[in-house]
Amino acid sequence: KNQVEQSPQSLIILEGKNCTLQCNYTVSPFSNLRWYKQDTGRGPVSLTIMTFSENTKSNGRYTATLDADTKQSSLHITASQLSDSASYICVVSRNNYGQNFVFGPGTRLSVLP
Amino acid sequence: EPEVTQTPSHQVTQMGQEVILRCVPISNHLYFYWYRQILGQKVEFLVSFYNNEISEKSEIFDDQFSVERPDGSNFTLKIRSTKLEDSAMYFCASSERYGGNYEQYFGPGTRLTVT
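Which chain is which? The protein sequence lines are H and W, in order.
The first sequence begins at 1 in this note's numbering and counts up one residue at a time.
The second sequence begins at 1 in this note's numbering and counts up one residue at a time.
Chain H with its partners taken away, still in its complex shape (with noise of 0.2 Å):
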């Protein structure tokens, strides 16, 4: 079965802390890999999107990593602030043309002053 599972489910850290969400997937065939941040009542917006030939992108303060042999990937977030209080999911779109994505259930952060 297609599934994106993520840990933790929720996290709460200190402002200026660094924190790093984990995303499994055994969704297949893969064509890439997304994180989006959804703010509450929000769109996701898109924060990284990685193929399967990639294994690190940065976008500022977060890095996703992937590694596809173990279909894993990690998002870090470096020197958090209050505004990345939101969800975080990860996203596996299935196909080649990369149209039919599988969420994960997100994970909840919340920074702290």
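Mixed in with the good hints, there may be bad ones.
[As the list claims (entries may be wrong)] Cβ-Cβ distance ranges computed for the label pairs, FRET-style:
no., chain 1, residue 1, chain 2, residue 2, range
1, W, 39, H, 78, 26 to 36 Å
2, H, 45, W, 40, 19 to 29 Å
3, W, 113, H, 55, 42 to 52 Å
4, H, 67, W, 74, 38 to 48 Å
5, H, 51, W, 38, 27 to 37 Å
6, W, 24, H, 55, 33 to 43 Å
7, H, 82, W, 3, 19 to 29 Å
8, W, 84, H, 8, 30 to 40 Å
9, W, 18, H, 15, 41 to 51 Å
10, H, 110, W, 11, 22 to 32 Å
11, W, 50, H, 15, 37 to 47 Å
12, H, 79, W, 78, 38 to 48 Å
13, H, 112, W, 16, 44 to 54 Å
[What the hints assert, rightly or not] Covered stretches of chain H, going by a simulated chain W footprint (3 or more residues, C-beta under 8 Å):
no., stretch
14, 45-59
15, 101-111
It should be emphasised that the hints constitute simulated quantities derived from the structure, not laboratory data.
A virtual CB, placed ideally from N, CA and C, is assigned to each residue, including glycine.
Using the hints, position chain W against chain H.
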């Protein structure tokens, strides 16, 4: 910065009624998508649309759903006979090109409540 817009922001309807959710994608984008998110659950892909045709659809997108691009700017999702379980946030998205490496830009969503 261009953005995807959706109307209405909140729609309340009675079970069995038809609803149309509207989206205005980013103007130079050619590919359009609908997703839904039931409260507390993950986002689910519904359908992708290009050149006035459905490109791909999920198992959720059954005969009660339809999509249309009635003019050069709007992209709509119609639910013919709403059920209680259709209550969810519906997100429209658009992308410039077709293919896995192109970003999808999401709208703010329409919250549909079926009573």
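Taking the hints in turn, this is what the structure says about them:
Range check, residue 39/W to residue 78/H: Cβ separation about 32 Å, and the 26 to 36 Å hint holds. One distance hint, 19 to 29 Å for the beta-carbon pair residue 45/H and residue 40/W, holds here, with the actual separation near 20 Å. Distance hint check: the CB atoms of residue 113/W and residue 55/H are about 43 Å apart, consistent with the given range 42 to 52 Å. A hinted range of 38 to 48 Å for the beta carbons of residue 67/H and residue 74/W is consistent with their spacing of about 42 Å.
At roughly 30 Å, the beta-carbon separation of residue 51/H and residue 38/W lies within the given 27 to 37 Å, and the hint holds. The given range of 33 to 43 Å is respected by residue 24/W and residue 55/H, whose C-beta atoms sit roughly 37 Å from each other. Hint check: residue 82/H to residue 3/W, Cβ distance near 23 Å, so the stated range 19 to 29 Å holds. For the pair residue 84/W and residue 8/H, the beta carbons lie near 32 Å from each other, so the given range of 30 to 40 Å is met.
The hinted window of 41 to 51 Å between residue 18/W and residue 15/H holds, with their beta carbons roughly 47 Å apart. The supplied range of 22 to 32 Å is met by residue 110/H and residue 11/W, whose beta-carbon atoms lie about 30 Å from each other. For residue 50/W paired with residue 15/H, a C-beta distance near 43 Å keeps the hint of 37 to 47 Å intact. Checked against the hint of 38 to 48 Å, the C-beta distance between residue 79/H and residue 78/W comes to roughly 46 Å, which is consistent with it.
Taken as a hint, the range 44 to 54 Å holds for the pair residue 112/H and residue 16/W, whose Cβ atoms sit roughly 46 Å apart. Counting residues of the stretch 45-59 of chain H whose CB lies closer than 8 Å to any CB of chain W gives 4, so the stated coverage by that chain holds, three being the minimum. Using a Cβ-Cβ cut-off of 8 Å, 6 residues of the stretch 101-111 of chain H lie near chain W, which meets the minimum of three, so the contact claim holds.
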